[in-house]
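Model the full assembly from the supplied sequences, consistent with the hints where possible.
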Amino acid sequence: MAGDPVEALPSARWRRLAAVRAAAARQVMAISWIGVLVGIVVIGAVATYTVPCGCFLTGDNLLTTAQEFSYIAIAALGGAMVIMTRGIDLSVGANMAFTGLISATLLSRFHMHPAAAVAAGLGVGLGAGLLNGLLITVVGMQPFIATLGTMSVFRGVALVYSQGFTLYPPASFTALGQGHLGPVPNPFVILVVLTVLLSVFLSGTALGRHVYAVGGNEDAARLLGIDVERVKVFVYALAGLLGAMGGILLMSFLGSANPGAATGYELDVIAAAVIGGVSLFGGEGTLFGTVLGAALIQEIQNVLLLERVPGYWTTLVVGLVILGAIGVDQLRRRLRRA
Amino acid sequence: MSRERREKGSRPRALGAERISRRDFLGKATGVAATLAAGGGIGGILAACGGGPTVVSKKKTYTIAIVPKGLDNPVFALANLGGQVRAKELGNVHFVFTASSTTDTNGDINVIQGLIEQKVDAIGVSCNDPNAYVPVLNHAVDSGIKVMTWDSDAPSSKRICFYGVDSTAVGKRMGQEISRLLNGQGNIVIISGDPAALNLNQRIQGVRSALPSGIKVLQVLYTNDDIPSAIQKTEDAIRTYPDLNGIVMVGGWALFSNEGATPLLDQKKGQIKVVSFDPLKSVVDYLRDGIVQSVWTQDYWGWGYQSVTILYSLLQGNRWHEFIPQPSNNVTPDQWQVWQQRWAAVDQGAAAAARVWGEKPFTAPGPSNATGPLRG
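Protein chains in written order, with my numbering: chain A, 1041 to 1378; chain B, 137 to 512.
No lab work stands behind these hints, which were simulated from the structure alone.
Even glycine gets a Cβ: it sits at the ideal position worked out from N, Cα and C.
Accuracy of the hints is not assured; some may be wrong.
What the hints assert, rightly or not - Ranges of calculated distance between the beta carbons of each label pair, as one might list FRET restraints:
1. B:496 <-> A:1211: 34 to 44 Å
2. A:1215 <-> B:453: 57 to 67 Å
3. B:480 <-> A:1219: 52 to 62 Å
Shown next, in the form of structure tokens:
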């Protein structure tokens, strides 16, 4: 008799609590980069206390690590947007080497003004991206095939032009890639600015939202009156431009331009995007997540070295972490749907 | 991350041949280029047979191909110049320099296959892998082509001779050098490239064998031949081992950059002794500023120049010793100007480079330190 309310009370409270908890969980799970953020924090926390030199959580180590992943992360901003449209850009590593070589040539052989040489390199990168976009939309090639072809074309032109030799820009030009704004390395500053600007563009402009729409459902986007081809050309061109930024910054940092530079970076770019929660099926993901993805890969390499793990292990651990991040992402999607 | 080069040499030939991947694609593309280039050579032969007024045209024109590990490596670019210069000196040599665009065993095998099909007269190869090249090199020999290896050998193949260094021996000398610099006491790290590269592993083995008990190897780091990765690993190693006294770079990738890219290494100038490999142009600054104490050379020019000399001589019917040792010298900081001049000459083209790098062509059966049976 009195049993009813007595029993109902904890049950109702439990249900309310459960509902609140579930809502909170759904909200957290809706954040596509939550897995990679947890990964970065956990690895960082473990490293802070276990690294023998005790030097993980020092400004010097963190800032150098930030500098080192900036080149790939800048290129990955473009790569992520391409993947958001359900495309892929395999040519970005070759683009980085090619545009770096162009700018270095203009600087060292033609003694061009640094700003002009950088602008020319960026222009070539933009053109390279535009070529990808046109091959995919106007010619109608599959993105994988088109960019596989242009990857070889860009790398090939760089090889033919340089005859395999390394080119060295004037030492003064290294100020761009090696310089700092306060304590923060220039490439990382540029990465942060680009990430903010492009994130605002993606979520705050019509064209930006169309990027997601095209990737989410191309036919629906077309029915909604979105010029799908125009969006794609734009995204590939932007990816070319961002690749060139990464490539020129890398060249400036190294103080050398080699036709074999940035080999395989296209895969790092894809890994960063996917780890950061960008779906290979398009229509989903954030640039912030992509940057975190690139940061995680670099953090692992840094921590393994600081932990004095034998060099043979690095590749294996990076691979496992990529799989782990994707596993977490799958779990996240399932929980969100539940 | 998974860089292309990481897998080189570790994959069985048959598996690699069946897999369609970017490397095959590139390899085939380069193979076609080689074919075209060699075709040009045959055209040259026909033209020569047509009978011109010059002395050269009365002799047979030989097509000699030099195949480096990859085309994107500046040390091999110098071999190209050396080969070109020697071909011009000889007069009746059509020189072909070709390989896969980046270091890639399977791609290079495809390129060599293309050269065999084009019936070039002689091939000189730098092998990524001592075993993977055996079938294709034997096929070339069986097709009547004169075959030698340089830089990196495939000893179990039918190739006639090898021009290169004993990597273990050079490693040993590098180990002795770091011991001397550290007075036999201290902690070092070794920095390498591809964990599967035979010559690098032999250099590491050599370094280890030469170290006295007072020198401890804290870690061996692999950079996969990637310059940014090499810089990161070098800087991280300095950070993680406050008691680090020396670095032995069996491949010098971290120094193929501008000094500003390695601030920690620069800061530790004098405190950390550095022994490295390959004095490329950017390394000259590190030597000049005393950040690096010792850099070991290879005969970049001779890989092309002497290989063409030897192959041409073999085509004339001469016999050579099987092992022709290549000099490997220690460049110390006081020699930085010599190397600066050398690289400046390369920028001015083949003729200027030939004056500075100038080598006398070997004569059969090889220099006095050559060993092994006479073969032809």
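Given a hint of 57 to 67 Å, does the C-beta separation of residue 1215 (chain A) and residue 453 (chain B) actually sit inside it? Holds - the Cβ-Cβ distance for residue 1215 (chain A) and residue 453 (chain B), about 59 Å, lies within 57 to 67 Å.
Taking 52 to 62 Å as the hint, is the beta-carbon distance of residue 480 (chain B) and residue 1219 (chain A) inside that range? For residue 480 (chain B) and residue 1219 (chain A) the Cβ distance comes to about 27 Å; the hint is violated.
For the hint 34 to 44 Å, verify it against the beta carbon of residue 496 (chain B) and that of residue 1211 (chain A). Once the Cβ atoms are compared, 36 Å apart, the range 34 to 44 Å for residue 1211 (chain A) and residue 496 (chain B) holds.
Of the hints listed earlier, the one the structure fails to meet is number 3.
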